[in-house]
Structure formats: structure tokens, C-alpha cells
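*Asks:* Sequence:
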Amino acid sequence: MFPSCVFGSSRLYRIKFSTFCCFLICRQFVCVIGQQFISPEEFYNGIQNNIFDAIIDVRTLGEWNQGHIQNATFVENLSTQTSIPIEIQGCEGACRTIVVYCRSGSRAGAAIDLMVSNGFNGTIYNGRGTSQWTAAGYDLVTSDSVNAKCSIGVDTAIPCETNATTSSPLMMTSELPSSPPTIVSSVVPTTIKHPSMFPTLTPKSELPSIPPTIVPSDTPTTIKHPSMFP
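Under this note's numbering, the first residue of the sequence shown is numbered 617, with each subsequent residue one higher.
These are computed hints drawn from the structure, not numbers from a lab. Each residue gets a CB set at the ideal place from its N, CA and C atoms; glycine is no exception. Please note: incorrect hints may appear among the correct ones.
Claimed, not checked - Listed next, with one range per pair, are the computed distances between beta-carbon atoms: (1) Gln682 x Ala710: 32 to 42 Å; (2) Ser699 x Thr676: 15 to 25 Å; (3) Ser699 x Ala752: 12 to 22 Å; (4) Ser699 x Gly753: 16 to 26 Å; (5) Gln651 x Ser761: 15 to 25 Å; (6) Ile702 x Val732: 14 to 24 Å; (7) Ala710 x Asn681: 28 to 38 Å; (8) Ser699 x Ser761: 16 to 26 Å; (9) Thr758 x Ala710: 26 to 36 Å; (10) Val762 x Gln697: 13 to 23 Å; (11) Asn763 x Thr676: 12 to 22 Å; (12) Tyr754 x Gln651: 28 to 38 Å.
Based on the provided sequences and hints, a complete structural model is requested.
*Replies:* The structure is reproduced here in C-alpha cells:
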């Protein structure tokens, strides 16, 4: 038991210690609130469709060497740094689309918070982590870290002003607009006939009375005399 003169009463010490622990936990998760998360499926489709200007891995070197997501740029422990490393300098523009991941999403959230506070104005997604990635059935790779397409260290980097019309943020399923039904007009013209184009029918009561026609027979009729009957 520590002297009360140092820590005060035991109950007060426990309260202070609990408050300090809550502060550490909240510091890790508060930055995640309000961020845009994407699923492993959306992450994978974004890679296949070349949506991202940068895919940033913010884990430790040991975690990186065990396997990472393809086309990733390794920025070790970005969530604990105080400035933006050179690997992703040049990606601050509003036209950029970036995804950040770690093991589960917590450190990625802290790294995104650091990036935003240092002037990153583009679309930044929290790609969660390698745990969700592998759980969804996607493989990790052990290739070298790649230079982000938007980094100042890439000779072929497209300026943000030029790339503004070509970079398309990843469309979330929940953000898809609801399109009104399309009415397809018929290509067959419809002809409306004037009443004068229809034949006029005469009522049966007004039809003229036609006398019966007697058709002469070609066979002569023989009238027998009474004397001819037996």
C-alpha cells in the first residue's frame, strides 16, 4: 500500500487511475468516430479498379513482413508520428482517394486523424485491417512497399489539378443514388383516325325494301292435260 500522502486516499487513487485508463482507451478510438469505413469487398474492388491514389499500411515492421495487402505503401507506426513522412507527402490534395489500414482499424483511424490535422483534404477511407481482409478470403502478399501514386517521390505522379476530373472516389453501397424509373417511349407511331375515315353504317331499319328476284329456270315446265292422267 502506497502512503496516502503520495496518492491520497485509496478510493481517490482508484478513481484517478480509472480515469487515466479511460483516457488512454478513448485516445485510441475517438478519432475513428465519423470516418468512412469500407468493407474488405469494397477495398478489394477499389484495388482492382485502380481507385486509390495511395494504400497506406500503418502497422509495425514485424507485422508488415508477415504479409500485407497488395500495392500497399508501408508507413510504420504512422498513428504515433507527429508529422507526415515523405512516403505520402504530395497526397494532400482534395482530389486524392486514399485508404489506410492496420490490423483491425484502430491504428488506421488514429493515422487518418493525424493526416487530416496535417492538411489532407481528399477522400480518406478506413480500410479496417488485415484481420478483416483475410477473414473475407483475400490473401496477403510479401512484396516490397510501393511508392504511392500521388507521392512527390514518384516521377509520374499526376498533379491534383489535372487528376481532379479522373479520380473517382469509391462509391459505397449505402451512398448509391436511387434512380427514378426510366420511361421508354414506343418507337411505333400511333395513328389516330378521323371519324370521317370510318365507313358509315346504315341501320337495318333504314335499309330499302328489295323485292325478291325470280330467276327463270332453264328447264321447261310441262303442264299435263287432265286427259293425260290415268
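*Asks:* Next step is simple, just say for each hint if it's right about the structure.
*Replies:* So, going through the hints one by one against the coordinates:
no. : hint                        : verdict
1   : Gln682 x Ala710: 32 to 42 Å : holds (35 Å)
2   : Ser699 x Thr676: 15 to 25 Å : holds (19 Å)
3   : Ser699 x Ala752: 12 to 22 Å : violated (33 Å)
4   : Ser699 x Gly753: 16 to 26 Å : violated (37 Å)
5   : Gln651 x Ser761: 15 to 25 Å : holds (24 Å)
6   : Ile702 x Val732: 14 to 24 Å : holds (19 Å)
7   : Ala710 x Asn681: 28 to 38 Å : holds (34 Å)
8   : Ser699 x Ser761: 16 to 26 Å : holds (19 Å)
9   : Thr758 x Ala710: 26 to 36 Å : holds (34 Å)
10  : Val762 x Gln697: 13 to 23 Å : holds (20 Å)
11  : Asn763 x Thr676: 12 to 22 Å : holds (20 Å)
12  : Tyr754 x Gln651: 28 to 38 Å : violated (21 Å)
The structure is inconsistent with the numbered hints 3, 4, 12, although it conforms to all the rest.
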